[in-house]
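Please arrange chain B on chain A, whose structure you already have, making use of the hints.
Protein sequence lines correspond, in order, to chains A and B.
Letter 25 of the first sequence, counting from 1, is numbered 25 in this note's numbering, and no numbers are missing.
Letter 31 of the second sequence, counting from 1, is numbered 31 in this note's numbering, and no numbers are missing.
Check each hint, because a few of them may be wrong.
Claimed, not checked - Simulated DEER-style distance windows between Cβ atoms: (1) Glu110/B with Leu27/A: 48 to 56 Å; (2) Arg92/B with Leu27/A: 48 to 56 Å; (3) Trp3/A with Val23/B: 31 to 39 Å; (4) Pro103/B with Leu23/A: 51 to 59 Å; (5) Leu21/A with Leu83/B: 38 to 46 Å; (6) Glu61/B with Phe73/A: 17 to 25 Å; (7) Asp51/A with Arg92/B: 28 to 36 Å.
No wet-lab data here; the hints were simulated from the structure.
Cβ atoms here follow ideal geometry from the backbone N, Cα and C, with glycine treated the same way.
Given next are the chains, with one letter for each unit.
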Amino acid sequence: MIWQLDFWLMLVLIGVAVLALRLRDLLAAVVALGAYSFLMALLFSELGAVDVAFTEVVLGAGVVSVLLVFALFSLDRRSSD
Amino acid sequence: MIHRYQGVVVELVSRAVVPAIQVFALYIITHGHYSPGGGFQGGALLAASILLLRFTQGRKESYRRFPPGAGFALAALGLLIFLLVGLASVARGGSFLDYAYLPWPWASPETLRYYGILVVEAGIALTVWGTLVVVFDQVGTRTRDV
Numbered sequence: 001m002i003w004q005l006d007f008w009l010m011l012v013l014i015g016v017a018v019l020a021l022r023l024r025d026l027l028a029a030v031v032a033l034g035a036y037s038f039l040m041a042l043l044f045s046e047l048g049a050v051d052v053a054f055t056e057v058v059l060g061a062g063v064v065s066v067l068l069v070f071a072l073f074s075l076d077r078r079s080s081d
Numbered sequence: 001m002i003h004r005y006q007g008v009v010v011e012l013v014s015r016a017v018v019p020a021i022q023v024f025a026l027y028i029i030t031h032g033h034y035s036p037g038g039g040f041q042g043g044a045l046l047a048a049s050i051l052l053l054r055f056t057q058g059r060k061e062s063y064r065r066f067p068p069g070a071g072f073a074l075a076a077l078g079l080l081i082f083l084l085v086g087l088a089s090v091a092r093g094g095s096f097l098d099y100a101y102l103p104w105p106w107a108s109p110e111t112l113r114y115y116g117i118l119v120v121e122a123g124i125a126l127t128v129w130g131t132l133v134v135v136f137d138q139v140g141t142r143t144r145d146v
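Bound conformation, chain A alone (with noise of 0.2 Å):
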């Protein structure tokens, strides 16, 4: 466990989680919600869980990425609140 390495990670992370709640376009939410899971993921395998990283980085980033691109498909694309 490196200190400074949890502490930036962390910061980037909390900037991109208010990101993806603060963005009007949806797609662009979901790209950030993509690289929240893979900073998460990182996070993850820095303090030793590699497997639950590699589970993160494969659905998270991955899998839950492509399934909200389809749910969008059938939504507008601007968020309304």
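Quick look at chain B alone, frame taken from chain A:
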């Protein structure tokens, strides 16, 4: 919604990347019992490679390579493998998925455990692969064409 994407870069890159993903997924599945990874992650990678085909090659071409009914068959086959291995050890007096009781009496318990977990991982991978592809096929055909 799935049409063939017209672009030589996407076409060539996906052609190069899909076999690489699948070989890596096989590595993950077969080495899952002594390194990170396993049936679930490998199966998800296999499903991701099929989804990449669905996105880049269009519905017509990718249905020829991986028919939509094949997902159901793969999922059922994987579940069958899992249940058969689990119940085979029950039939010989062990508990569920106790690989040492598998019906090959001439092999040592260590060998049986080693290969039993491998077969179960392969079953899990087939189930995850088929199920994820089926989920995306259902979601993709229900949405309207864009």
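Exercise. What are the numbers of the hints that this structure violates, sorted from low to high?
Worked result: none
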